[in-house]
Amino acid sequence: EVQLVQSGAEVKKPGESLRISCKGSGYSFTSYWINWVRQMPGKGLEWMGRINPNDSYPNYSPSFQGHVTMSADRSISTASLQWSSLKPSDTAIYYCARVITTRPYHFDYWGQGTLVTVSS
Amino acid sequence: DIQMTQSPSSLSASVGDRVSITCRASQSISTYLNWYQQKPGKAPKLLIYAASSLQSGVPSRFSGSGSGTDFTLTISSLQPEDSATYYCQQSYRMPRSFGQGTKLEIK
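Those sequence lines, one after another, are chains S and A. With my numbering as the guide, the letters of the first sequence map in order to residues 3 to 122. With my numbering as the guide, the letters of the second sequence map in order to residues 3 to 109.
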């Protein structure tokens, strides 16, 4: 069974750092890119970027470039999303989703989401 | 960047109704258009990919059509469990982008 299992909810203060994770199982982790999607409270879905687990090469949305860092460790089938200095506006649910490396590039499996709350 | 615009933003329909949601891309995206369903407190779920291909396990009352810039998601006979928010997403070009969502309520 294909699963993407994300790390648990986090409560952080502004300026703190954070790393959340997404562990894949039930499939070949290196055959799919991992994408990250943000959903702010009561809002829609925003694509943040993707990471290639084969070489850990990321592609960022211009809206998120420089604000987050994506990484992957294929030895433990885990992708990560990290912030060096959180802001209250980073409060959101973050989803990981896999996409096969050939067209048509749809997100066929999603993680359960990680709620990140940033508040002083 | 490619902008995706859905209409309507919300709609209310009765069980058994035929419902359609449209999605328009700001430029041609061929058939690189996907539809997702999201229920409250849950992750999105893939319904339709490549504009008209039904994802495995998704009920056949869901269908998709369109190419170029205009696309439609149709539910042939609305069921109570279809109450959700629906999103379109283009996978033609980076950065990927989603529509703003359509909230579907059951009367």
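Simulated from the structure, these hints should not be mistaken for lab results. Ideal Cβ positions, reconstructed from N, Cα and C, are used throughout, including at glycine. Heads up, a few of these hints could be off.
Residues on chain S that point at chain A, a partial pick, calculated with CB under 10 Å [to be verified]:
| # | residue |
| --- | --- |
| 1 | Lys15 |
| 2 | Gln41 |
| 3 | Met42 |
| 4 | Asn54 |
| 5 | Tyr97 |
| 6 | Phe109 |
| 7 | Tyr111 |
| 8 | Trp112 |
| 9 | Gly115 |
| 10 | Thr119 |
| field | S/Thr119 as an interface hint toward chain A, with CB separation required under 10 Å | value | Violated - the Cβ of S/Thr119 stays beyond 10 Å from chain A, reaching only about 16 Å at its closest.
| field | Hint validity - S/Trp112 Cβ closer than 10 Å to any chain A Cβ | value | Hint on S/Trp112: holds, closest Cβ of chain A at ~4 Å, below 10 Å.
| query | Does the nearest C-beta of chain A fall within a distance shorter than 10 Å of the C-beta of S/Tyr97? | reply | Holds, about 6 Å.
| query | Can the hint on S/Asn54 be confirmed by a CB-to-CB distance to chain A that is less than 10 Å? | reply | violated (13 Å)
| Is the hint on S/Lys15 kept, meaning its closest Cβ partner in chain A is under 10 Å away? | Cβ of S/Lys15 sits 26 Å from chain A, so the hint is violated.
| query | Taking the least C-beta to C-beta distance, is S/Phe109 closer than 10 Å to chain A? | reply | holds (6 Å)
| said: Given S/Gln41 as an interface hint, is its Cβ closer than 10 Å to any Cβ of chain A? | reply: For S/Gln41, the interface hint holds, since the closest Cβ of chain A sits about 9 Å away, which is under 10 Å.
| query | Should the interface hint for S/Tyr111 be scored as holding, given a Cβ-Cβ cut-off of 10 Å against chain A? | reply | Holds - the Cβ of S/Tyr111 comes within 10 Å of chain A, reaching about 8 Å at its closest.
| message | Quick check on the hint: S/Gly115 CB to chain A CB, less than 10 Å? | response | holds (5 Å)
| task | Identify whether the interface hint at S/Met42 stands, where standing means a beta carbon of chain A within less than 10 Å of its own. | result | Since chain A brings no Cβ nearer than about 12 Å to S/Met42, farther than 10 Å, the hint is violated.
Violation of the numbered hints given earlier is confined to hints 1, 3, 4, 10; the remaining hints are satisfied by the structure.
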